[in-house]
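One-letter residues, chain by chain:
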Amino acid sequence: MTSLLDSKKNLLNPHVPRNFKAVLVICFIMLVLCVIASLVFGSRPVRFNELIDGLFHQNVDSYGANVVRKRVSRTIFSLFCGAALGVSGALMQAVTRNPIADPSILGVNTGASLFVVLGIAFLNITTANQYIWLALAGAAITAVFVFGIGSMGRGGATPLKLVLAGAATSAALTSLITAIMISRTYVMDQFRFWQVGSVGSANWSSIATFAPFLIIGIVIAIISAPALNALALGDELASGLGVRTGLLRLIAAVAAVLLCGATTALAGPIGFIGLLSAHTIRLMLGPDLRFVIPLSAISGAIILTVSDVTGRLIGNPGELEVGVVTAFIGAPLLILLVMRLKVSSL
Amino acid sequence: MKNNSVAFIKAGRRQRRRRWILVTGFLTLLSIILCCAMLILGNTIYPIEVVVRTLLGEQAQGVSFAVNTIRLPRMLAGLFTGFAFGLAGNTFQTILRNPLASPDVIGITSGSSAAAVFCIIILHASGAFISIASVIAGLATVIVIYLLSRGKSFSVGRIILIGIGIQAMLNAVVSYLLLVGAQQDIPEAIRWLSGSLNGSQMHELPPLIITVLVFAPIIIVLRKHLSMLELGEQSATSLGVNTNKTRITLIVSSVCMIALATATTGPIAFVAFLSGPIAKRLVGVGFSNVIPAGLVGVNLVLLADLIGQFAFEVRYPVGIITGILGAPYLIYLLIRMNRKGDL
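So the protein sequences, as listed, match chains A and B. Here the numbering used here is used: the first residue of the first sequence is 1, the next is one more, and so on. Here the numbering used here is used: the first residue of the second sequence is 347, the next is one more, and so on.
Once the Cα atoms are required to be at most 20 Å apart in a straight line, the calculated SDA-like pairs of lysine to any residue come out as:
hint	chain 1	residue 1	chain 2	residue 2
1	B	K686	A	R154
2	B	K686	A	S151
3	B	K591	B	F500
4	A	K70	A	A211
5	B	K626	B	I681
6	A	K70	A	N49
7	B	K686	A	F145
8	B	K686	A	G156
9	B	K686	A	G148
10	A	K21	A	L283
11	B	K686	A	G153
What the hints contain is simulated information worked out from the structure, not anything from laboratory work.
If we strip away everything but chain A, and leave its shape as in the complex, we get:
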């Protein structure tokens, strides 16, 4: 009884983790550094005065300054996408009560991709505004489907079942995508650039399309964080604490799908960001979602931007899509998490 009271007190009173301020400061320093890196590095490196010209002197029209201006939109877009994917991952992990949950691992990104491809191939859809609704529908349907399969049978949604359901669904949808694309070269041309996941095609209008989804998703996530903390104790205990678990799951899942579906529509499927950012933050701050969710946004933005810069540097003179870089650093983390899981919880 006392432990229950304690946990309830903890839920109500913000108990700020000891190193919260330090982590926050580190995150902001890294955020600034990676923004600068994203502006400076690329197939054409810029000098310091060009950077200043590009950012602050709108009337200067040198080549370097224009390169910087082009990179500004790309950087903002990659920060937005990273934040969205980070929060989406944290939400999915909380809703499924499962450490291995991420839009890409659960196949939600592939669902969004399939709908976009169908749209391009059969509905003559060409603009980002139209992509985004299709992608959201695809993401939502896939999320419901995967979670439905993953939570069947004894023990509910265990990591193994969820990941397998996600991988299987992903494989099924990928073969459909390939089959649709291979016979239609125009679809292939339009689709190929974001199939691997790239933020390189960003412009101001895609940022404007994306922003409302990002804001709505993150606001819902932050509001539902305390209740999600209660959910972490188990459905029965959460109900006992006055949480309507079904409604909460629905709202949080909608927010997660909004965030990752919108990202996939505009940037293509980018994997593992949710896994990487949420677990890094949890390692430093502990499991309290009121802190994990906002900081996952920041760390997601950092990780995606750093991956984008890395992709530009190692792909020089071209660039390596950011989705490839995140898969390469994210997959080892997945393996590590699996190794640490107990057999009984698989």
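Got chain A sorted already, so can you dock chain B onto it with the hints?
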């Protein structure tokens, strides 16, 4: 009374043997029909006697080229990769006692294809070198998955999850290689990503054929030990199986076949995964499904290739057809395993 029950058991065994012979015979017949169809069908349809005469060496305008240079290598490639994938996939699934633990689900095929792409793009190698590299990479992938999943207690679930992680990484490596590769190498490398019998050439086939002829008999000879391994470590040991030695022999043989098949046609999706369970359904329990699994693999690849070539206006590579057929089955299998609580 005692005689009665012995007779009963014998009758059951006869019945199962009859079923096994029936299934295997049917699958063999179907394979032969499909092989003939691969040779007969195409842009021009040749009657069977023309095909046979051409194969026996008679020269004829157009026919010789179409049959000997294009259709025969394609048919042989399909035949041997199908057999290799089916047999090896079934071996993995039986040893790990889980249909999901097939080489294409746990990333062994990805290891081989990543090595093949690396050889083509970075080392500009060809032929035997690619085969050797993909075998080594396949074995290395198995060892890495094994070491990472060892932990305190053994769990197939962990092997599968780690395999999926490894696969994601290897796919990222392949994407990177395709990016840094020179334009002229890309089309050749793309084949290692989807699996296709297009452009199979006679001189590329010997390594695969030799490997299958060497390792398939090993697995077939060991099929009874394989069935005993499926009963579990303790039962197998008490039945007189040297479990570690048998397991290593079986896994090395399977990986060699998988790697060579992958190096020849690319990873044809889900053939390794599907063959075992389908064969088991057909044969039932009590008789080894090793040979039927290989035959199911052959039939899947050849049938899917024929569908891909002729059923639609566009020609689809075989890997896409098997992908579309196999993925729903994978989902169905997952649903069934979840319901039964096998996972």
